[in-house]
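Protein chains: 2
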Amino acid sequence: MRERPLILVTNDDGVRALGLRALVEVLLPYGELAVIAPERAMSGKSSAITVETPLRLKETEIAGLPVYQCSGTPVDCVKVGVNHLLKRRPDFVVSGINHGSNSSVNVLYSGTMGAAVEGALNGVPSIGFSLCSHAPDADFSCATGWVARIFRAVASNGMPSGVCLNVNIPEGDISDFEICRQTTGRWVEEIISRHDPAGKEYLWLAGEYRNLEPEVAGTDINALDNNRVAIVPIQVDMTAHKMLAQLKNWDI
Amino acid sequence: MRERPLILVTNDDGVRALGLRALVEVLLPYGELAVIAPERAMSGKSSAITVETPLRLKETEIAGLPVYQCSGTPVDCVKVGVNHLLKRRPDFVVSGINHGSNSSVNVLYSGTMGAAVEGALNGVPSIGFSLCSHAPDADFSCATGWVARIFRAVASNGMPSGVCLNVNIPEGDISDFEICRQTTGRWVEEIISRHDPAGKEYLWLAGEYRNLEPEVAGTDINALDNNRVAIVPIQVDMTAHKMLAQLKNWDI
Chain A
1 MRERPLILVT
11 NDDGVRALGL
21 RALVEVLLPY
31 GELAVIAPER
41 AMSGKSSAIT
51 VETPLRLKET
61 EIAGLPVYQC
71 SGTPVDCVKV
81 GVNHLLKRRP
91 DFVVSGINHG
101 SNSSVNVLYS
111 GTMGAAVEGA
121 LNGVPSIGFS
131 LCSHAPDADF
141 SCATGWVARI
151 FRAVASNGMP
161 SGVCLNVNIP
171 EGDISDFEIC
181 RQTTGRWVEE
191 IISRHDPAGK
201 EYLWLAGEYR
211 NLEPEVAGTD
221 INALDNNRVA
231 IVPIQVDMTA
241 HKMLAQLKNW
251 DI
Chain B
1 MRERPLILVT
11 NDDGVRALGL
21 RALVEVLLPY
31 GELAVIAPER
41 AMSGKSSAIT
51 VETPLRLKET
61 EIAGLPVYQC
71 SGTPVDCVKV
81 GVNHLLKRRP
91 DFVVSGINHG
101 SNSSVNVLYS
111 GTMGAAVEGA
121 LNGVPSIGFS
131 LCSHAPDADF
141 SCATGWVARI
151 FRAVASNGMP
161 SGVCLNVNIP
171 EGDISDFEIC
181 RQTTGRWVEE
191 IISRHDPAGK
201 EYLWLAGEYR
211 NLEPEVAGTD
221 INALDNNRVA
231 IVPIQVDMTA
241 HKMLAQLKNW
251 DI
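Here the protein sequences come in this chain order: A and B.
Reminder that position 98 of the first sequence reads as 98 in the numbering used here, one-by-one numbering, no gaps.
Reminder that position 74 of the second sequence reads as 74 in the numbering used here, one-by-one numbering, no gaps.
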């Protein structure tokens, strides 16, 4: 009998997040799950790794399934899983379901996508799933059918080395899905300055997202705006290949 | 009289690192410097941002120049500089000089490059510099002439929106420079397990880098191995454009 696929499941909202529980429930029929997730919320941790301090693991459970909570980042969870906890190489790394969109430039800051990129770096077919709602009690029921469909498609097609999928799911009624690219945009920050009871200043990062190509077909935000699941292939190679020739003409 | 260019300088080794001091000294003749650097070592912080806690700033100095130290990540430093501290938009973001190589896949985990990518996202010509030595007392004298040459080339050519430079500098005798691409490689991790005095397990990330295309011309590691400064253009768009067509043929 063929061994069941081993699926490493993680997220960046932490081991107690509803989105992780929803993902575990969707994936249970498809293989043996190894859940290793951050013990605390790790939003915005990107591909950060822990180098200055050691890591701690603790066993807990979700829906009766034994899971590990890790003191580190989502990428640490994948590294500890692949290189320490798991007895064999995982067949898939699946991260999420994130509470909040990781479309456009958010893919860069996202810990959910950091974990998926780390899976791809290890040559494991990997997907990051996000629901476009930041609510801690968000309703994931609109997302779970799509998570299963997209997971099955990755399982049957495989993924090229060094590429993973960034899947963003709109809230509510979903009309379809779309294969698209990362929208060009950025955060226009506002730094909020306050004073603590001792009179010392502290700052909060805040701001709003600015879409630099609104209503452009083929972009992930446009897909979401039209109630479609946005599926973007994400690569590990950050080289701006188009600029190589131009740079070679510089006088340095 | 034309205003002098405003250069935002940061790093990921922290405000007291020798590499930051070396960078400041090289850049002083080229403009007005605004130094905003992490108060502690922030190696491996990638593009992480601080969302769960507020940030603190403190004024200090390097070589008589007033500088800010920030409790956050390198990307936080750029955000706080651009959106809060600086009276005008910086003309350049320069990050480093990092203690240790950020070639190949290390660009993904690097806080030094996180800051440069953040500059590029803000439409500011940005460069991350790294010296291929992890020694805290590394000798940056071989690097400084190249830092100046490459900075001047960026100042005179400009940079396309959404692209920055990842510059890695070999230690010792340098023969030349090379425009190249990110080498394909990955870390083969070893997780070190130890026990604390209370008998509880803790883990350290460790391991070694594996070059998956050794001695391939045109890659950054090959350039460094041949004593050349490696200059790689790095882009913000993570879409795997080549995979879009293939994905559209999937049955999802």
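To be clear, the hints were calculated from the coordinates, so they are not data collected in a lab.
There's no promise every hint is true.
[Stated by the list, open to error] Here are the simulated DSBU-like cross-link-like pairs (lysine-lysine), alpha carbons at most 30 angstroms apart as the crow flies:
1. 200(B) / 87(A)
2. 58(A) / 200(B)
3. 242(A) / 242(B)
4. 242(B) / 248(A)
5. 58(B) / 87(B)
6. 200(A) / 242(B)
7. 58(A) / 87(A)
8. 200(A) / 58(B)
9. 248(B) / 242(A)
[Unchecked claim] Some chain A residues judged to face chain B by a derived CB distance under 10 angstroms, without partners named:
10. 71
11. 202
12. 242
[As the list claims (entries may be wrong)] Which stretches of chain A does chain B cover? Using the computed rule of at least three CB atoms under 8 angstroms from a CB of chain B, they are:
13. 6-17
14. 32-38
15. 47-59
16. 90-103
17. 203-215
Every residue, glycine too, gets a C-beta built ideally from N, C-alpha and C.
The hint names residue 242(A) as touching chain B; please verify it with the least Cβ-Cβ distance against 10 angstroms. holds (8 angstroms)
If you look at each residue in the region 47-59 of chain A, do at least three have a Cβ nearer than 8 angstroms to any Cβ of chain B? holds (count 10)
Given the proposed pairing of residue 242(B) with residue 248(A), does the C-alpha separation stay at or below 30 angstroms? Roughly 24 angstroms between the alpha carbons, so the hint for residue 242(B) and residue 248(A) holds.
Taken at face value, is the distance from the CA of residue 242(A) to the CA of residue 248(B) at most 30 angstroms? holds (24 angstroms)
A closest beta-carbon separation below 10 angstroms is what the hint needs, so does residue 71(A) meet it against chain B? holds (9 angstroms)
Do three or more residues of the region 90-103 of chain A come closer than 8 angstroms to chain B, measuring C-beta to C-beta? Our answer is that it is violated, as 0 residues pass the Cβ test (under 8 angstroms) against chain B, missing three.
Does residue 87(B) lie within 30 angstroms of residue 58(B) when you go C-alpha to C-alpha? holds (18 angstroms)
Is the straight-line distance between the alpha-carbon of residue 58(A) and that of residue 87(A) 30 angstroms or less? holds (18 angstroms)
Taking a Cβ-to-Cβ distance below 8 angstroms as contact, does the region 203-215 of chain A have at least three residues touching chain B? holds (count 4)
Holds or violated: residue 200(B) to residue 87(A), with C-alpha atoms at most 30 angstroms apart: Since the Cα atoms of residue 200(B) and residue 87(A) sit roughly 22 angstroms apart, the hinted pair holds (cutoff 30 angstroms).
Restraint check, 10 angstroms cut-off on beta carbons, for residue 202(A) near chain B: Interface hint status for residue 202(A): holds (4 angstroms vs cutoff 10 angstroms).
Apply the coverage criterion to the region 6-17 of chain A and chain B: a residue qualifies when its Cβ sits closer than 8 angstroms to a Cβ of the chain, and three qualifying residues are needed. violated (count 0)
When held up to the earlier numbered hints, the structure conflicts with 6, 13, 14, 16 and fits the remainder.
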